[in-house]
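Start from the sequences, fold in the hints, and give me the full structure.
Below, each chain spelled out in residue letters.
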Amino acid sequence: MSLADLAMLGVAVLGGAAALLVVTARNVVHSALYLVVALLSVAGVFLLLGAEFLAWAQVLVYVGAVVVLLLFGLMLTRAPIGPTAQANELGKALPLAVSGGLFIFLAVVILGSFGDTTLALTPTSTDQLGAVLYIHWAFPFMALGFLLTVSLVGAIIVARREEGEGPDPLAGRVEEPGRTTRPAPVESDTTSDPTPVGF
Amino acid sequence: MQAAYPLVFAALLFCVGIYGVLSRRNAVLVLMSVELMLASVTINLVTFGAIAADRDQQLTGQVFALFVLAVGAAEVGVGLAIILLLYRNRASVNIDDADLMKY
Numbered sequence: 006m007s008l009a010d011l012a013m014l015g016v017a018v019l020g021g022a023a024a025l026l027v028v029t030a031r032n033v034v035h036s037a038l039y040l041v042v043a044l045l046s047v048a049g050v051f052l053l054l055g056a057e058f059l060a061w062a063q064v065l066v067y068v069g070a071v072v073v074l075l076l077f078g079l080m081l082t083r084a085p086i087g088p089t090a091q092a093n094e095l096g097k098a099l100p101l102a103v104s105g106g107l108f109i110f111l112a113v114v115i116l117g118s119f120g121d122t123t124l125a126l127t128p129t130s131t132d133q134l135g136a137v138l139y140i141h142w143a144f145p146f147m148a149l150g151f152l153l154t155v156s157l158v159g160a161i162i163v164a165r166r167e168e169g170e171g172p173d174p175l176a177g178r179v180e181e182p183g184r185t186t187r188p189a190p191v192e193s194d195t196t197s198d199p200t201p202v203g204f
Numbered sequence: 182m183q184a185a186y187p188l189v190f191a192a193l194l195f196c197v198g199i200y201g202v203l204s205r206r207n208a209v210l211v212l213m214s215v216e217l218m219l220a221s222v223t224i225n226l227v228t229f230g231a232i233a234a235d236r237d238q239q240l241t242g243q244v245f246a247l248f249v250l251a252v253g254a255a256e257v258g259v260g261l262a263i264i265l266l267l268y269r270n271r272a273s274v275n276i277d278d279a280d281l282m283k284y
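Going down the list, the sequences are from chains A and B.
For the first sequence, our numbering gives the first residue as 6, with consecutive numbering after it.
For the second sequence, our numbering gives the first residue as 182, with consecutive numbering after it.
Incorrect hints may appear among the rest.
[Stated by the list, open to error] With a Cα cut of at most 20 Å, we get these calculated SDA-like pairs of lysine to any residue:
1. 283/B <-> 96/A
2. 283/B <-> 267/B
3. 97/A <-> 202/B
4. 97/A <-> 271/B
5. 97/A <-> 215/B
6. 283/B <-> 271/B
7. 97/A <-> 267/B
8. 97/A <-> 203/B
9. 97/A <-> 277/B
10. 97/A <-> 260/B
11. 97/A <-> 31/A
12. 283/B <-> 202/B
These are computed hints drawn from the structure, not numbers from a lab.
This structure is a prediction, so every number in the text was calculated from the model and none was measured.
In structure tokens form, the structure reads like this:
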């Protein structure tokens with residue numbers, strides 16, 4: 006077992022443990038912070054596979070932007086910061102059976118097909134990737150930039166508050182068709198029941 | 182390096198993501214689980230590119246992984262906008278509450 010094998014094993018164990026904690030942590034903010042560790046270990050796997058630009062892009066985009074966006078989402082939706090019940094109407098046994106069965110199947114297939122395959126580790130530098138990206142993949146790359154622009158504009162349009170749209174979340178779950186003005190927040194409702202319905 | 186390590190790690194991340202999508206109720210946590218599944222896909226792309234050993238194919242795998250990265254970032258933005266809209270209209274981010282189009 007070489008040094009690269011040991012490093013990959015360590016990174017994979019760390020990332021797998023962090024990913025398991027993401028989906029099992031009872032506190033949603035802790036889940037977001039464990040997601041940072043899991044995505045950093047993915048960047049470490051990229052680095053060990055010789056994809057240096059991809060590793061730093063992963064750190065910048067996911068750890069730097071996506072996790073911050075998810076934390077903003079948690080704050081803006083006033084998610085319960087404390088421990089919450091986690092199982093939904095499917096329960097926990099069925100998801101565990103599905104994911105565990107799929108993992109065993111995939112592990113058997115992978116070890117059967119690629120169990121004795123070794124990787125010839127040749128690091129690919131950023132300028133080689135850039136040459137391929139801007140020469141052979143120039144048009145898909147521009148289409149990707151267009152997709153990012155459209156999705157960000159669309160996200161702003163979707164998330165913007167329209168005039169007279171929907172009840173205020175603080176006012177409880179008032180749903181009256183035809184109401185054009187937002188109901189005034191009822192303070193007694195929010196103080197008597199601090200947790201939203203469904204948690 | 183053994184090719185099985187990153188591939189099994191990617192399979193583990195994907196299955197953990199499936200478990201999160203199926204078992205958690207908070208919509209933001211479901212989005213995080215989808216992110217885990219996307220990360221496992223990028224690991225697979227880079228690893229299979231590295232198995233090919235040809236420099237061009239290796240770089241093609243990395244370019245595909247880069248595209249998945251950008252699409253994932255766009256998906257998080259739109260997904261969080263939809264979750265904010267859901268929270269504003271139904272005062273909840275529980276995905277079991279978003280059943281208006283169920284039947």
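| Holds or violated: residue 97/A with residue 277/B, Cα cutoff 20 Å? | Roughly 15 Å separates the two Cα atoms, so the pair holds.
| Pair hint outcome, residue 97/A versus residue 203/B [Cα-Cα no greater than 20 Å] | holds, 8 Å
| Regarding the pair residue 97/A and residue 31/A, is the alpha-carbon distance no greater than 20 Å? | Measuring from Cα to Cα gives roughly 14 Å; hence the hint holds.
| task | For the pair we were handed, residue 97/A and residue 271/B, check the Cα-Cα distance against 20 Å. | result | Given that 20 Å is the threshold and the Cα spacing comes to 25 Å, the pair is violated.
| request: Verify the proposed pairing of residue 97/A with residue 267/B, using a straight-line Cα cut of 20 Å. | output: violated, 25 Å
| request: Verify the proposed pairing of residue 97/A with residue 260/B, using a straight-line Cα cut of 20 Å. | output: Roughly 24 Å separates the two Cα atoms, so the pair is violated.
| query | Can the restraint linking residue 283/B and residue 202/B be considered satisfied, given a maximum Cα separation of 20 Å? | reply | Holds - the C-alpha atoms of residue 202/B and residue 283/B are around 18 Å apart, at most 20 Å.
| query | Is the hinted pair residue 97/A and residue 215/B satisfied, with a Cα-Cα distance of at most 20 Å? | reply | holds, 18 Å
| residue 97/A and residue 202/B: Cα distance at most 20 Å? | holds, 11 Å
| message | Need the status of pair residue 283/B, residue 96/A: alpha-carbon distance at most 20 Å? | response | holds, 19 Å
| query | When you check the alpha-carbon spacing of residue 283/B and residue 267/B, does it fall within 20 Å? | reply | Measuring from Cα to Cα gives roughly 15 Å; hence the hint holds.
| Is residue 283/B close enough to residue 271/B, meaning Cα to Cα at most 20 Å? | Distance ~16 Å between residue 283/B and residue 271/B Cα, so the pair holds.
Violated hints, listed in ascending order, are 4, 7 and 10; each of the other numbered hints is respected by the structure.
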